[in-house]
Amino acid sequence: MKKLLPVMLFLFVTVQAWSQKQKVKKETVVVLATGAEDRKFWLQQMDKMVRPVVRSLAHDSLRINMPTRVSIKSDNPEHRKKVAYLEILGRVLSGIAPWLQDNSGNAEEVALRNQYREWVLQGLANAVDSTKKDFMQFDIGGQQLVDASFVAVGLIRAPWIMEHLDARTKEKLIASIRTTRQFRPAFSNWLLFTAMNEAFFAKYGYEWDVVRVDYAMRQLEQWYVGDGIYMDGTSYAFDYYNSFVIHPYLATISEVISKKTKTYDAMIDNIYKRNERYAVIQERLINADGTYPATGRSIIYRGAAFHHLADMAWRKKLPAQLSPASVRCALTAVIQKTLESPTTYDANGWLTFGLYGEQLSIGDSYNNAGSPYLCDNIFLPLGLPATDDFWMKPAEKFSSQKIWAGEDFPGDHASGLK
Numbered sequence: 001m002k003k004l005l006p007v008m009l010f011l012f013v014t015v016q017a018w019s020q021k022q023k024v025k026k027e028t029v030v031v032l033a034t035g036a037e038d039r040k041f042w043l044q045q046m047d048k049m050v051r052p053v054v055r056s057l058a059h060d061s062l063r064i065n066m067p068t069r070v071s072i073k074s075d076n077p078e079h080r081k082k083v084a085y086l087e088i089l090g091r092v093l094s095g096i097a098p099w100l101q102d103n104s105g106n107a108e109e110v111a112l113r114n115q116y117r118e119w120v121l122q123g124l125a126n127a128v129d130s131t132k133k134d135f136m137q138f139d140i141g142g143q144q145l146v147d148a149s150f151v152a153v154g155l156i157r158a159p160w161i162m163e164h165l166d167a168r169t170k171e172k173l174i175a176s177i178r179t180t181r182q183f184r185p186a187f188s189n190w191l192l193f194t195a196m197n198e199a200f201f202a203k204y205g206y207e208w209d210v211v212r213v214d215y216a217m218r219q220l221e222q223w224y225v226g227d228g229i230y231m232d233g234t235s236y237a238f239d240y241y242n243s244f245v246i247h248p249y250l251a252t253i254s255e256v257i258s259k260k261t262k263t264y265d266a267m268i269d270n271i272y273k274r275n276e277r278y279a280v281i282q283e284r285l286i287n288a289d290g291t292y293p294a295t296g297r298s299i300i301y302r303g304a305a306f307h308h309l310a311d312m313a314w315r316k317k318l319p320a321q322l323s324p325a326s327v328r329c330a331l332t333a334v335i336q337k338t339l340e341s342p343t344t345y346d347a348n349g350w351l352t353f354g355l356y357g358e359q360l361s362i363g364d365s366y367n368n369a370g371s372p373y374l375c376d377n378i379f380l381p382l383g384l385p386a387t388d389d390f391w392m393k394p395a396e397k398f399s400s401q402k403i404w405a406g407e408d409f410p411g412d413h414a415s416g417l418k
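Numbering (the UniProt record's numbering), first residue to last: 1 to 418.
Each hint should be verified, as a subset may be incorrect.
[Claimed, not checked] List time: in silico BS3-like cross-link candidates among lysine-lysine, alpha-carbon distance up to 27 Å:
#1 260 to 203
#2 132 to 48
#3 316 to 260
#4 82 to 172
#5 132 to 81
#6 40 to 393
#7 132 to 170
#8 132 to 82
These are calculated hints, taken from the structure and not from any lab test.
Since the structure is predicted, the reported quantities are computational estimates derived from the model, not experimental observations.
My request is simple: use the sequences and hints to build the entire structure.
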C-alpha cells in the first residue's frame, strides 16, 4: 500500500491539473476582430499579394521579376510560360477592380488606392504597347480567351479604369480582347469566357456578338443540375468551378445584358435565385477554422474557392439568412488559413503552387506562375465602402462556428425543399 501512495498522489495531482486546465479552457473568451481591423488585415494581405505584379507591370519589368515556374505535371511548359503574363494580369485585375472603383477609407487606404490606380493605368498601357518589354499578345492560344475574359470582368467591375485610360491604350485594349474571338471555346465553363468578353463590349457601347452570349446562357441553363449547382460541361464534378467561374460570371453577364435586352429576364431571375442558394452552400463549406474540403482540380487557387461568396457580398446580393458580418468573418478565416503558411510566397514574394503553403503535387497540368493569383478575388468586398454594414457591423460567428460550438442553429435544405 505504501508503494502505491506516491502513484495515487501523482494521479490525483494530474487529474486535478487537467480539470483546472479544462475549466480555464472553457472560460477562455475569444475576442473577435472589429470590421475596421478586418479591413486593415484584408488590405495588408491584398497589397502583399498583388504589389509585386502590379508594380512590376507599371515599371515594364514584369517579365524580369515574375518567376517562370510551371506545374511539375505541365502539359506544355513553354506555352504555359508564354501565356503566364496575360494570365496574371487578368486574375489580379479582376480581384482588385472593385477596390479601385471605391473611394472610401482612411487617408492611408486612399493613398494606397491612388498608387494602385496609377500603377494599373500605366501597367495596362505597357501591356498593349508593342515597344514595351511587357507587351502582351492576346492571340498566342486558346488560354488567352480565358485570360482576356478576366481582364474584361475587371474592367466591368471598375468603370473608373475605362474612364481614365488614354484613348490609344483603350483602343488597343479593345482590339486585343476582340482578337480572342478567333479561339473556339471548350464545351465547358469556357463558353462563359466568350460571353464575358462580349458583355464587356456591350457595357461600354462597342459592337457585341449576341450569339456568343446567347449560346453561353442557354447552354448553362441546360447544365443546371439543381440546388444552385451547375455541371461544368457534360458531366458533374465536385470541384469549385461553380465559384471560380460559373456563378460570378453568370451574375456579371446577367447584370450587363439585362440592361441591353429583356430576352433573358426569366432566365436571369432563376440565375439570381441559384446565386443565393449557392452562396448559402459556400458559407457552410467553410469550417470553423477557415479550412474547407480540398476537392477537385485547381485548388491552388486558394481563396478563389469562395469567389462567388465574395462576389455576392460585394454586390450586396447575399441571401437573407447570411448576414454581411458573418460572411466577413467567414472569408477572413479563409484568408488567414490559406495565406498563413510561411511557404505561401517564395523568397521574392510571389505566390507558390499549393493550397496551404507550397505543395507542388497539387498543381494541375495547365498551371503557371500566374494561375494562383485568382485567389485575389476573395478580396472583392474591399470594393464596399468602409462604412458599409459588411465592415461596420460587429463580428459574428459564421455557420460552422455556431454549429460546432453546440449552439442551436437552423437546418439546411436543398432549394425547393421545406
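Verification of the hints:
1. 260 to 203: Distance ~9 Å between residue 260 and residue 203 Cα, so the pair holds.
2. 132 to 48: holds, 26 Å
3. 316 to 260: Given pair residue 316, residue 260 holds - Cα atoms ~22 Å apart, limit 27 Å.
4. 82 to 172: Roughly 20 Å between the alpha carbons, so the hint for residue 82 and residue 172 holds.
5. 132 to 81: holds, 18 Å
6. 40 to 393: With a Cα-Cα distance of about 15 Å, the restraint between residue 40 and residue 393 holds, given a limit of 27 Å.
7. 132 to 170: holds, 16 Å
8. 132 to 82: Between residue 132 and residue 82 the Cα gap is close to 16 Å, so the pair holds against 27 Å.
Of the numbered hints given earlier, the model fails none.
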